[in-house]
Amino acid sequence: MSTQTLQVNGQSVRLAPSAFGERVFHGEVMRQYLSESALEALARWEKGEPISLELADEVANALRKWASEKGATHYTHWFHPLTGLTAEKHENFYEVLGGKALSAFNGSELLQQEPDASSFPSGGLRSTFEARGYTAWDPTSPPFIYGRTLCIPSVYISYNGQSLDYKTPLLRSIEALNAAGKKVAALFYRGVQRVFPTLGIEQEFFLIAEPLYARRLDLMLTGRTLIGAPSPRGQQMEDHYFGSIPERVLAFFEELEAEAWKLGIPLKTRHNEVAPAQYECAPTFEELNIAIDHNQLLMDLLQRTARRHGLVALLHEKPFAGINGSGKHNNWSLATDTGINLLSPGKGPRENLRFFAFLSAVLWGVWRHADLLRATISTPGNEHRLGGNEAPPSILSVFLGQQVSQAVEQLEASTELPRLSERTPLSLLVPRLPAILRDNTDRNRTAPFAFTGSKFEFRAVGASAHCAPAMIVLNAAVAEALETFVQRFQAQRSEGLSREAALLTTIRTFLQESRPIRFDGNSYDPAWHEEAAHRGLSVHFSIPEAVKHYLSPKTQALFSRFGILTEEELHARYEVRLERYVKTVGIELRTFAAMVRTQVLPAALQYQGQVAACLASPALQSMKAASAAPKLPQEALLEALQTHLQALWDGLAAAETQWEALEGLPLPEQAQKVHETLTPLLRSLRAHADALEQLLPTTIYSLPRYADLLFRLSPAEISV
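Each residue of the sequence shown is one higher than the one before, starting from 1 at the first, in my numbering.
Everything labelled a hint here was simulated from the structure, so no lab data went into it.
A quick note: this is a predicted structure, and the numbers were derived from the prediction, not measured.
Beta carbons are placed, not taken as given, at the ideal position from N, Cα and C, and that holds for glycine.
Take the hints with a grain of salt, since some may be wrong.
Claimed, not checked - Lysine-lysine pairs mimicking PhoX-like chemistry, simulated, CA-CA at most 25 angstroms apart:
1) 262 to 70
2) 100 to 89
3) 455 to 347
4) 89 to 70
5) 182 to 548
6) 262 to 89
7) 583 to 455
8) 183 to 455
9) 673 to 624
10) 183 to 47
11) 262 to 65
Said to hold, decoys possible - Label pairs and their in silico Cβ distance ranges:
12) 568 to 346: 37 to 47 angstroms
13) 307 to 387: 45 to 55 angstroms
14) 387 to 96: 14 to 24 angstroms
15) 161 to 245: 45 to 55 angstroms
16) 20 to 657: 50 to 60 angstroms
17) 236 to 159: 47 to 57 angstroms
18) 71 to 307: 17 to 27 angstroms
19) 183 to 533: 33 to 43 angstroms
20) 191 to 533: 45 to 55 angstroms
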């Protein structure tokens with residue numbers, strides 16, 4: 001990024017490499033504010049040694065001094081409750097003693113805080129009268145200044161030590177992966193002290209004009225349009241993807257990028273996405289825990305930044321029907337502290353043997369826990385997106401690409417280690433153009449879980465979702481696979497096989513067992529559904545069915561094996577998922593009813609009256625008498641209006657009756673009834689509301705239509 005200055009809202013925004021991480025307490029900044037002994041003690045702490053209160057006091061004092069010099073006045077433990085958002089309670093750095101305000105922040109305040117544990121989703125782990133919970137500093141993710149507040153990344157647990165957040169099990173899964181990964185890495189390398197997952201998260205979103213957003217109650221309360229007929233023009237021209245970024249959006253991106261860089265978020269790309277008004281930004285990969293912290297921060301930052309440009313960022317997975325929804329591709333890999341990407345094919349036999357060992361473990365882990373991985377991305381918003389010809393289907397499969405698939409098939413059938421060819425040049429038949437190197441895998445945009453050359457891309461996570469649930473399961477599944485790999489390898493060695501033969505035999509059995517999960521074809525093809533069912537893969541998943549896998553014995557065994565979550569904590573997450581589903585549909589029902597009764601029906605009744613008056617006029621009656629047509633357009637229009645009006649009126653009453661009948665039922669039964677009866681009814685009611693929208697004149701109908709929302713960004717184009 002070149003050094004330059006731009007004006008945003010009258011203020012200078014600096015884009016420079018030197019600005020990267022200037023609001024983050026890490027690296028060189030820590031060396032400036034901490035003693036050498038403190039730095040060494042922190043390094044030992046990250047490896048498991050306990051921290052002393054003296055060290056905590058020194059770190060707290062350094063943080064306070066650095067943050068105050070940067071203009072911060074408050075601090076907060078920044079944590080990830082089961083809402084899927086982040087949470088914070090700000091406290092200032094001052095204590096009043098003897099009538100004077102003195103700057104103070106000590107080690108105890110750094111290490112631990114006490115937020116209310118009864119006001120966040122807990123799945124029954126906490127009650128209203130059991131309010132005590134604790135946040136504790138996570139030293140693996142650096143503190144940062146957001147606005148004028150020092151944010152200290154933290155875990156969040158109950159009074160009894162149960163996890164009430166996403167970060168605690170995430171860190172445990174990373175540790176499990178490290179322990180198992182080192183055992184397999186040791187079969188190929190010496191001196192590997194740490195194996196860790198890396199992650200790069202592509203964030204998709206929509207940008208619409210703020211004045212139009214303010215006129216849509218559904219967008220304000222639910223994040224998506226509950227009413228809206230298709231725009232005459234959508235994405236059918238295929239000209240928005242990678243198109244020229246509109247000037248107003250580019251100004252937003254430039255400020256977003258500058259602010260993200262200051263916070264240490266390494267944003268790298270920005271571009272138009274497929275649907276009109278849809279965009280994407282993506283950072284380079286980082287260690288997984290930090291990448292997830294950064295994505296949570298980025299979602300908040302892009303929403304705040306958009307408002308400063310008169311825009312609203314929509315993170316919902318399906319804000320508009322009929323065009324593409326939004327996801328966030330999770331690009332996951334494994335690396336060592338010695339700089340090796342364990343999922344990158346090598347140039348020699350030893351490197352390729354290592355590659356196939358780790359590749360086979362990932363395939364085996366995903367195959368074994370595909371249902372649980374599917375459960376992690378089962379959210380109300382994502383259910384509107386998955387399965388359409390725009391996003392990965394709900395059937396989990398793994399794409400490897402032609403060359404890797406051929407190599408895997410050779411490994412399954414023989415004891416020979418296949419060779420992977422390097423990138424080959426493509427001729428463009430124009431001598432003055434540079435040679436293009438072809439990758440060893442193509443891209444299959446229909447695959448939910450795809451190998452892309454040196455990493456796996458999990459494409460099914462929703463745009464608004466917290467990435468931790470999916471990554472916790474992936475980490476744990478691969479950790480189990482790696483441990484099983486070592487056990488089988490050792491068993492082969494004990495039977496007298498050579499090291500290479502034992503490795504190849506273990507790799508082969510992993511590939512053979514996980515074969516059902518591999519699919520390089522078109523995942524949108526209906527024939528794949530039949531084939532997937534034949535392979536024993538789960539094909540049909542509703543949210544109530546999907547999240548049951550949190551309670552399966554296989555899931556409980558996986559998480560208890562590595563101490564990631566207890567049976568009680570897993571049940572809490574199951575409850576939270578169901579509760580969120582039911583509450584989301586309830587909010588959408590009430591919002592839809594309010595819009596229909598206060599905006600759609602009044603407009604339709606007014607127009608119906610106008611058409612009826614026109615039809616009753618003497619002139620039109622004369623025309624009717626003279627016409628050979630069986631029905632005048634005015635009569636047909638009046639009948640159409642009445643049909644949709646009546647259907648909405650009756651259907652809303654039925655939907656509200658169904659909702660009221662849920663009260664008192666067990667949560668799983670509520671969720672099942674919502675899925676089976678209420679959501680289909682709401683879909684049918686929307687069809688009537690959308691049909692009315694297409695009949696009503698703009699002078700009467702007050703809701704901004706899709707064409708306005710998707711194609712009007714300039715203030716000059718908008719009349720409020």
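Hints, one by one, checked against the model:
1. With a C-alpha separation of about 12 angstroms, the suggested pairing of residue 262 with residue 70 holds against the 25 angstroms cut-off.
2. With a C-alpha separation of about 24 angstroms, the suggested pair residue 100 and residue 89 falls inside the 25 angstroms cut-off, and the hint holds.
3. A C-alpha spacing of about 17 angstroms is found between residue 455 and residue 347, which places the hinted pair at or below 25 angstroms, so the restraint holds.
4. Straight-line distance between C-alpha atoms of residue 89 and residue 70 comes to about 20 angstroms, which keeps the hinted pair within the 25 angstroms bound.
5. The straight-line distance between the Cα atoms of residue 182 and residue 548 is roughly 32 angstroms, outside the 25 angstroms bound, and the hint therefore fails.
6. With a C-alpha separation of about 22 angstroms, the suggested pairing of residue 262 with residue 89 holds against the 25 angstroms cut-off.
7. Of the supplied pair hints, the one linking residue 583 and residue 455 is violated, its CA atoms being roughly 36 angstroms apart against a limit of 25 angstroms.
8. Our distance criterion of 25 angstroms between C-alpha atoms is met by residue 183 and residue 455, whose separation comes to about 20 angstroms.
9. In summary, the hint linking residue 673 to residue 624 is not supported, as the alpha carbons are separated by about 49 angstroms, beyond the 25 angstroms threshold.
10. Proximity of residue 183 to residue 47 is assessed by CA-CA distance (about 17 angstroms); at most 25 angstroms being required, the pair is judged to hold.
11. Simply put, residue 262 and residue 65 have alpha-carbon atoms about 19 angstroms apart, close enough for the 25 angstroms limit, and the pair holds.
12. Distance hint for residue 568 and residue 346: a CB-CB separation of about 44 angstroms, consistent with the stated range 37 to 47 angstroms.
13. For residue 307 and residue 387, the hinted distance range of 45 to 55 angstroms is not satisfied, since their beta carbons lie about 33 angstroms from each other.
14. Taking the beta carbon of each, residue 387 and residue 96 are about 59 angstroms apart, not inside 14 to 24 angstroms as hinted.
15. Our hint of 45 to 55 angstroms for residue 161 and residue 245 holds, since their Cβ atoms are close to 48 angstroms apart.
16. In this structure the supplied range 50 to 60 angstroms holds for residue 20 paired with residue 657, their Cβ-Cβ distance being about 57 angstroms.
17. In this structure the hint that residue 236 and residue 159 lie 47 to 57 angstroms apart at CB holds, the actual value being about 56 angstroms.
18. At about 22 angstroms, the beta-carbon gap between residue 71 and residue 307 stays in the expected band of 17 to 27 angstroms.
19. Taking the beta carbon of each, residue 183 and residue 533 are about 36 angstroms apart, inside 33 to 43 angstroms as hinted.
20. Taking 45 to 55 angstroms as the suggested C-beta distance range, the pair residue 191 and residue 533 conforms, at roughly 47 angstroms.
Hints 5, 7, 9, 13, 14 from the list above are not met by this structure, while the remaining hints are.
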